[in-house]
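Peer 1: Read off the chains here:
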Amino acid sequence: MKNFFELKPARVIKVINENPITRTLRLQIKNQEKFQFLAGQFMMIGLPGFGECPISISSNPKEAAKSFSLTIREVGELTVKLNRLKQGETVYVRGPFGNGFPLVNKSLILIGGGCGFIPLRSVYEENKSRKDIKLQILFGCATQDSLVFKKEYSKIKNKHDFNLILEKETMPGFSSQKGFVTDLIKKKKLLNDALVFICGPEVMYKYVVKELLVKKVKPENIYFSLEKRMHCGLGVCQHCAIGTKYVCKDGPVFNYEFLSKNKYL
Amino acid sequence: MDKFLAKLIGTGLFYAPSRQDGQVKVLPIEDQRQIDWSGDMPVNSFKNIFLPASETLFENNKAIFENENKTFVWGMNVLDLQALTLFEQVFEKDIYFQRRRQNIFVCGYTGGLEADYRRYKAQHLSYEENILEHLIFDVFIEKQKDGNFLAFSGSEKGQQLLEENGITDYENIEFAGIIPQKGVNPVIAAKRLAIEQSAEDPIWDELAQTCLACGKCSIVCPTCFCFDEKDKAEFANVKKVRQWGNCFYPEFSKVAGGHKDLDSVKKKLYFWYTHKFVRIPDEYNYYGCVGCGRCVRVCPVGIDIAKNIQRLKKEKS
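Here the protein sequences come in this chain order: A and B. Its first residue numbered 1, the first sequence is counted upward by one per residue in the numbering used here. Its first residue numbered 1, the second sequence is counted upward by one per residue in the numbering used here.
Rather than coming from a laboratory, the hints here were simulated on the basis of the structure. Check before you lean on any hint, since a few could be wrong.
Unchecked claim - In silico negatives: residues of chain B with every beta carbon more than 10 Å from chain A: (1) M41; (2) N60; (3) D146; (4) D169; (5) C226; (6) D228.
What the hints assert, rightly or not - List time: in silico SDA-like cross-link candidates among lysine to any residue, alpha-carbon distance up to 25 Å: (7) B:K260 <-> A:G243; (8) A:K206 <-> A:V104; (9) A:K261 <-> B:I203; (10) A:K2 <-> B:K254; (11) B:K266 <-> A:G235; (12) B:K70 <-> A:M1; (13) B:K266 <-> A:E202; (14) A:K30 <-> A:V75; (15) B:K230 <-> A:K62; (16) A:K245 <-> B:L312; (17) B:K232 <-> A:Y264; (18) B:K254 <-> A:L234; (19) A:K261 <-> B:E315; (20) A:K206 <-> B:G258; (21) B:K254 <-> A:I13; (22) B:K260 <-> A:G235; (23) B:K266 <-> A:S154; (24) B:K254 <-> A:G235; (25) A:K86 <-> B:K267; (26) A:K30 <-> B:L57; (27) B:K260 <-> A:M1; (28) B:K260 <-> A:K30; (29) A:K2 <-> B:Q243; (30) A:K2 <-> B:K70; (31) A:K249 <-> B:Q89; (32) A:K81 <-> B:G258; (33) B:K267 <-> A:R130; (34) B:K93 <-> A:K86; (35) B:K316 <-> A:N255; (36) A:K245 <-> B:I178; (37) A:K2 <-> B:F91; (38) A:K263 <-> B:W204; (39) A:K8 <-> B:F65; (40) A:K245 <-> B:V265.
Keep in mind the model is a prediction, meaning the values are calculated, not measured. Beta carbons are placed, not taken as given, at the ideal position from N, Cα and C, and that holds for glycine.
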């Protein structure tokens, strides 16, 4: 019988500094060539003595056989410790867990807030070269210092409709005004009949939904990725339950209709 | 029966209901005279034997399987066997539960099944004639009015145990699935609907005014199985432990940064009831509450789960 709680060692093959408190760890496990994941799925990552936590995968699912990346913001004891890891060191993982984002079969709008852009990057990377669909990205953050994947923005902007807004400052070449991601939604002409994938702090969700519905986006096209406390990842320990479902097993990606029916949004 | 019990007690750990300080409790015992035969509902449940309040899963990343000693669990009543039947579903793929369970002999007991349902005021559950066919156990003993015992086996392990001990006059009960009906159990479905549609009901505000969120209900509940995983470091030795969780405790839903989904007693209460009456039925098509009444007896402010369910069902209809 398989031991679901078993953590596997993963080697840090690269560390990328995203901002003063966020790093991307590129990881490789034994038999990496057999590893697969879906955009929007997450891993449990831990260090002996510091416990485990769920972290979204930020890399391209098509490159899973080579490596995968976890982008980690320091918010607690474990994440601070994780972000001190250096190339060549070992960390422990299990997963992937969760459902991931649904199949992208039409144009796609990615809406991110702060480090919410982390799982969306996986979706972006997977779909960035497709000719059959259009991509639109709306991204809000507090300051330049809290941005993730900053070095990639110019490249994204050259190919796709990339829009950035900061709450507390402007950013030459990207954002001449201050504001929230909702201001971008109000201002922009959104792609027609597109899927909308959203990830960010949960306080942002109800405001984003409100603006999307004003713009006549169909509720069934709206998906959110949620963050919850988790211990098992198997839908047993109950920490991540919302209404009738588990964020670890049935989520972390939920359709807006489910969340509104469960009075979650 | 005395000889049988003496032999079991001599061969492994032995748990049974026993009277201590005027209360019937599930305790490890060393002498069959300590067994309580009254059939009274023990104040605690048997779950600690199957899912310890704290167990080590790993030591320095190596899986540890604690306590694989032969263990006898004596005197589980029919409601507690229902709770175990649920655990068998929930932890079906859990290697720690399954390995421990292999060495546990579950011995159920009754002084009369139908009478049990009345005395336990099994609330929302009613007596079903073929109940034994739908329960997971190894051996079941029924004490008849004349003082004689009837023995039943519910597994090969149980058959073997009886025969090894010279008990050949027993009936083998063929397991017929966890519920008698095919499809959705209507009793479960009615309660499920009442709870699911009660999110806006004033009952949760009313209960939140008295509930202390002490979590005692969850500790004594035989079906509550939430758990936490924690690392414990002692010098260079790191253990990963699993401990009972409790959705009434403040840390339960706390995420890094401090946000909590369950930030009010009202939300905690609704979460607890939703787990029992909605999520468990959805996942396992089984009872999330077996109606043992332990939570009612232990609640310091007298919250009665059966009355609350009745009220919500009535409001619904």
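Peer 1: Is the Cα-Cα distance between K30 of chain A and L57 of chain B 25 Å or less?
Peer 2: holds (22 Å)
Peer 1: Take the C-alpha atoms of K260 of chain B and G243 of chain A, compute the straight-line distance between them, and say whether it is at most 25 Å.
Peer 2: holds (15 Å)
Peer 1: Measure nothing beyond the straight line between the CA atoms of K206 of chain A and V104 of chain A; if it is 25 Å or shorter, mark the hint as holding.
Peer 2: holds (23 Å)
Peer 1: Going straight from one Cα to the other, do K2 of chain A and K254 of chain B come out at no more than 25 Å?
Peer 2: violated (29 Å)
Peer 1: Does K70 of chain B pair with M1 of chain A here, judged by a C-alpha cut-off of 25 Å?
Peer 2: It holds: about 21 Å lies between the C-alpha atoms, which stays within 25 Å.
Peer 1: CA of K2 of chain A to CA of K70 of chain B, is that 25 Å or under?
Peer 2: Holds. K2 of chain A to K70 of chain B sits at ~23 Å (cutoff 25 Å).
Peer 1: Hey, does D169 of chain B actually stay past 10 Å from chain A on C-beta?
Peer 2: About 36 Å separates D169 of chain B from the closest Cβ of chain A, which puts it past 10 Å; holds.
Peer 1: For the pair supplied as a hint, K254 of chain B and G235 of chain A, is the alpha-carbon distance within the 25 Å limit?
Peer 2: With Cα atoms ~17 Å apart, K254 of chain B and G235 of chain A stay inside 25 Å; holds.
Peer 1: When you check the alpha-carbon spacing of K245 of chain A and L312 of chain B, does it fall within 25 Å?
Peer 2: Holds. K245 of chain A to L312 of chain B sits at ~22 Å (cutoff 25 Å).
Peer 1: Starting from K263 of chain A, check that the Cα of W204 of chain B is at most 25 Å away, please.
Peer 2: Judged against 25 Å, a Cα distance of about 15 Å means the pair holds.
Peer 1: Sort out whether G235 of chain A lies within 25 Å of K260 of chain B, counting only the CA atoms.
Peer 2: At roughly 19 Å apart (the allowed maximum being 25 Å), G235 of chain A and K260 of chain B satisfy the hint.
Peer 1: If we take the beta carbon of N60 of chain B, is the closest beta carbon in chain A still more than 10 Å away?
Peer 2: violated (7 Å)
The structure does not agree with the numbered hints 2, 5, 6, 10, 14, 15, 17, 21, 23, 25, 27, 28, 33, 34 and 35 stated previously, though it agrees with the rest.
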